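Got chain X; can you put chain B on it based on the hints?
Taken in order, these protein sequences are the chains called X and B.
Note that the first sequence covers residues 1 to 352 in this note's numbering.
Note that the second sequence covers residues 1001 to 1537 in this note's numbering.
Any given hint might turn out to be false.
Facing chain B, from chain X, some residues (calculated, C-beta under 10 Å) [stated by the list, open to error]:
{"id": "1", "residue": "Pro75"}
{"id": "2", "residue": "Glu77"}
{"id": "3", "residue": "Met83"}
{"id": "4", "residue": "Gly103"}
{"id": "5", "residue": "Gly106"}
Computed Cβ-Cβ distance ranges for the label pairs, DEER-style [what the hints assert, rightly or not]:
{"id": "6", "chain 1": "X", "residue 1": "Thr72", "chain 2": "B", "residue 2": "Ser1167", "range": "32 to 38 Å"}
{"id": "7", "chain 1": "B", "residue 1": "Leu1439", "chain 2": "X", "residue 2": "Phe296", "range": "34 to 40 Å"}
{"id": "8", "chain 1": "B", "residue 1": "Leu1439", "chain 2": "X", "residue 2": "Ala135", "range": "28 to 34 Å"}
{"id": "9", "chain 1": "X", "residue 1": "Gly39", "chain 2": "B", "residue 2": "Arg1532", "range": "27 to 33 Å"}
Please keep in mind that the hints were generated in silico from the structure rather than gathered at the bench.
Keep in mind it's a predicted model, so treat the numbers as computed, not measured.
For glycine and all other residues, C-beta sits at the position ideal for the given N, C-alpha and C.
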Amino acid sequence: MLEVHDLTKGFGREEPPAVDRVSFTLDHGAILALVGPSGCGKTTTLRLIAGLERPDRGEIRLNGRLVAGAHTFTPPEQRQVGMVFQDHALFPHLTVEQNVAFGLRGRPAGQIRATTGEMLELVGLACLHRRYPHALSGGERQRVALARALAPCPLLVLMDEPFSSLDADLRGEVRQQVRAILKARQVTAVFVTHDQEEALYMGDRLGVFQRGQLQQLGAAEQIFQAPATRFVAEFMGNSDFLLGRVTAGGIETALGLASQPSPLPPGAAVEVALREDDVSFEVGEPGNGVISERFFRGAFNLYRLRLDDGQILHAHRPHTEIQPSGTRVRVYVNAGHPLAVFSAGQGVGGAG
Amino acid sequence: MRWPLRWPAISPRLALAAGLVAGFAAIPLFYIALRAAAADPEVWRRLLQARIGYLLGNTLGLAVAVTSGALALGVSMAWLTERTDLPGRGVFRWLLALPLAIPAYIGGIVHLALLRPRGGVIPQLLAELAGRPVAAPSPLGFWGAAFILTLFSYPYVYLLSGAAFRSLHASLEESARTLGRSPWRTLWEVTLPALRPGLTAGALLVALDVLAEYGTVALLRYETFSSAIFVQLAGRYDRSAAAVLSGVLVALAVAILWAELRAQGRARFTQMESGWRPAPPLALGRWRAAGFAVAAAAVFASLLVPVAVLLAWSVAAVTDPAMLAAVVRTGSQGFGGFVWNSLWSSGLAALLAVTLSLPVGLLAARAPGRLARFISRTCQVGYAIPGVVIALSLVLLVNRFLPFLYATPLVVVVAYVLRYMPQATRASESALSQLAPSLEEAARTLGRTALQTLLQVTLPLILPGLLAGGALVFLTSLKELPATLLLRPAGFDTLAVRVWIWAEDGFYMQAAPAALLLVLLSVAPLAFLLRREQGRR
Chain X
1 MLEVHDLTKG FGREEPPAVD RVSFTLDHGA ILALVGPSGC GKTTTLRLIA
51 GLERPDRGEI RLNGRLVAGA HTFTPPEQRQ VGMVFQDHAL FPHLTVEQNV
101 AFGLRGRPAG QIRATTGEML ELVGLACLHR RYPHALSGGE RQRVALARAL
151 APCPLLVLMD EPFSSLDADL RGEVRQQVRA ILKARQVTAV FVTHDQEEAL
201 YMGDRLGVFQ RGQLQQLGAA EQIFQAPATR FVAEFMGNSD FLLGRVTAGG
251 IETALGLASQ PSPLPPGAAV EVALREDDVS FEVGEPGNGV ISERFFRGAF
301 NLYRLRLDDG QILHAHRPHT EIQPSGTRVR VYVNAGHPLA VFSAGQGVGG
351 AG
Chain B
1001 MRWPLRWPAI SPRLALAAGL VAGFAAIPLF YIALRAAAAD PEVWRRLLQA
1051 RIGYLLGNTL GLAVAVTSGA LALGVSMAWL TERTDLPGRG VFRWLLALPL
1101 AIPAYIGGIV HLALLRPRGG VIPQLLAELA GRPVAAPSPL GFWGAAFILT
1151 LFSYPYVYLL SGAAFRSLHA SLEESARTLG RSPWRTLWEV TLPALRPGLT
1201 AGALLVALDV LAEYGTVALL RYETFSSAIF VQLAGRYDRS AAAVLSGVLV
1251 ALAVAILWAE LRAQGRARFT QMESGWRPAP PLALGRWRAA GFAVAAAAVF
1301 ASLLVPVAVL LAWSVAAVTD PAMLAAVVRT GSQGFGGFVW NSLWSSGLAA
1351 LLAVTLSLPV GLLAARAPGR LARFISRTCQ VGYAIPGVVI ALSLVLLVNR
1401 FLPFLYATPL VVVVAYVLRY MPQATRASES ALSQLAPSLE EAARTLGRTA
1451 LQTLLQVTLP LILPGLLAGG ALVFLTSLKE LPATLLLRPA GFDTLAVRVW
1501 IWAEDGFYMQ AAPAALLLVL LSVAPLAFLL RREQGRR
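Okay, chain X solo, but in the shape it has when bound (with noise of 0.2 Å):
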């Protein structure tokens, strides 16, 4: 459907490219969520794959017809590709009915009347199609825009951080909406966020971006349980680093032997990535480390443990449990799963 090649773009000759060699494919009625920091490149990937960029080098391949390449570019227009920009970018001077049916000229009166009505009833806004952009909530710009986007019945939908402009407490509710439509119409569709949570939650496929570079892209368990870089495991969820050193029976920490296989030489310098289900702590003397902090966050406190040689983990216990802070502490791993070990910010062995 979307086939997406060695793709850069830069903006300027002392700057590194806003990205860099992306590459991925997306399949038919699939949602692909761009996650990354803002500046990462995935509003310029996506501004790139609607043609209101030209690239500096790679393709871009809709349903199969190229649309950029070394030789070849086809302008916005002419690409079928619907966008829900960030602003939303409604026509300040046509009607909620008029924005919707804008994509839709050239078609029989009727035809559009019928695709308008249809649209502004699936995003629920029937009853506002008279009015103008100023006099709607976020929320309702935001349906609008979906629904001026979809109406032409585009090969693909972009979404650029659609969500932003919305109040927290709606934004849940907008999100739910928007993704129940996508998927009701079999929309293939491209969105970019800088919310590891929106990402999993609208992304059937995850995209993580870092400085111009796809760093992974993935299911969003696969994501999670084998990142690929050190990043992606900092990104999404939040990982603590604990630094290690390969031995024969596995991989030597502060907190003792992890007794997993490593495909590096014995004495190779490594970092284990443990997120805070990962960690575990008991009270009592000797110990190896102290209680730094206490964050009680309702369901469960959040501990964040220094350990004797300084390094900093962090470890869920249940709501109940209260220890203060400067209590001497025996930390230990309770993953229950093969550890992701970083060495030199990439992926070797372990859960990858």
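Okay, now just chain B, sitting in the frame of chain X:
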């Protein structure tokens, strides 16, 4: 951005001050309406039969022609410099705005000298080349006046539409592209319609300027209401007829101003909020050369030709000892005297206009509502009262109620303030509406009184906005001609007046140094305004 109303109540003192300012601004309007209504029915009948239809046709025809011309030229130039890869657009942005420093009548004088049917430079040149008289386009009459006024009023539209193009979100045009529109169709279906209210407002201001224009139409012998009123006042001393004509003219202008204020209101809805991102300029491709040629032609006719001709004449005047003597000393007045008169009267008018606009702006920003809107709109009527009408009402009013002011330069300053206060009011309102009320509230909770807050917090923060308003009033007062001509005491010559009197007598070269200096003096406040405008991008 508008801040929500958080002021506990309208301060009665502020409301009173603002109300007084509005009353002052509205005096000429009401007085003219009164005088027109009270005029002898015989005068009305005579004028209705013989004059009003003709003048209405002439005035409206010119207003429509100039407004459409300025709109077409201003918007297309703004589009070229803001949204395309026109070569040299950084320079064009300045050059296309600079004709604002040239009063239309000075531009008219230059083009008239070059093109006039008998004795014009270009017809003579053509006749010499061809060996016989050749018909060249004449700058006289309707088309000449329309050409000259378009040439020197398009920068208003250009600046307003340039700002509008810049404020437009790139995503608006981009979403039109993803919905199947080519760049050209996007311009016509999205960009221009979305900006239409703002552009309409700019065009209607040009129409008001055309109604008020005296110098150019008198010079090019095209009769409009303004020039007819001027003749009634200065030549025939028929104040009754002048009042009747003024009444009709002001009614027309108020209707246009009302439409302008409505368009302004609608423009607010189409303005985008935050998160502006520059839109990539459109590649003109093979049209690049054509775009460059059009922009260069506009700059050539509206800026290069007038400045070059004025320079050449000035050099000729200064190098001729007899003419130099005439330039430097006219009667009892020296050249320095004209300059000083121009500077102090315009400067004082700017100061007064800004000061008076403050209570109005404060009321509009801090206590928005019907009262504030009414007062703010009343303060806009100066736009609708042409200079000749202001002069007429001041002559009558001062004679009757303030005789000690009669025939003093102060009447001239009052005329400037009445005519140009709307510019100051708009600047103050926009500066104050962008100031968060929480800043003033913070000062109050930190122990400052309302007055201390105004002086220590509000004024320093809105000073740039006030300066911009003042610069605009100064610039337009400097160029003002008809009210100055009619109201000035004997011997009170400003640069504008001197240029006009010399040029009317045909002494173009003698007028040139004063005209050039007038243009140069206007460039300073204009450069300040343009820099501020471009800094907002």
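Here is what the structure says about each hint:
1. For proline 75(X), the shortest C-beta to C-beta distance to chain B is roughly 7 Å, which falls under 10 Å, so the interface hint holds.
2. Satisfaction of the interface hint for glutamate 77(X) is found here, the shortest Cβ-Cβ separation to chain B being roughly 5 Å, below the 10 Å cut-off.
3. Annotation: methionine 83(X) was flagged as interfacial toward chain B, and the flag holds, the nearest CB pair being 4 Å apart, inside 10 Å.
4. The beta carbon of glycine 103(X) comes within 4 Å of a beta carbon in chain B, closer than 10 Å, and the hint placing it at the interface holds.
5. With a cut of 10 Å, the hint placing glycine 106(X) at the interface with chain B holds, because the nearest CB-to-CB distance is about 8 Å.
6. For threonine 72(X) and serine 1167(B), the hinted distance range of 32 to 38 Å is satisfied, since their beta carbons lie about 34 Å from each other.
7. For the pair leucine 1439(B) and phenylalanine 296(X), the supplied restraint of 34 to 40 Å holds, since their beta-carbon distance comes to about 37 Å.
8. Here the CB-CB span from leucine 1439(B) to alanine 135(X) is close to 30 Å, well matched to the stated 28 to 34 Å.
9. Checked against the hint of 27 to 33 Å, the pair glycine 39(X) and arginine 1532(B) passes, with Cβ atoms roughly 30 Å apart.
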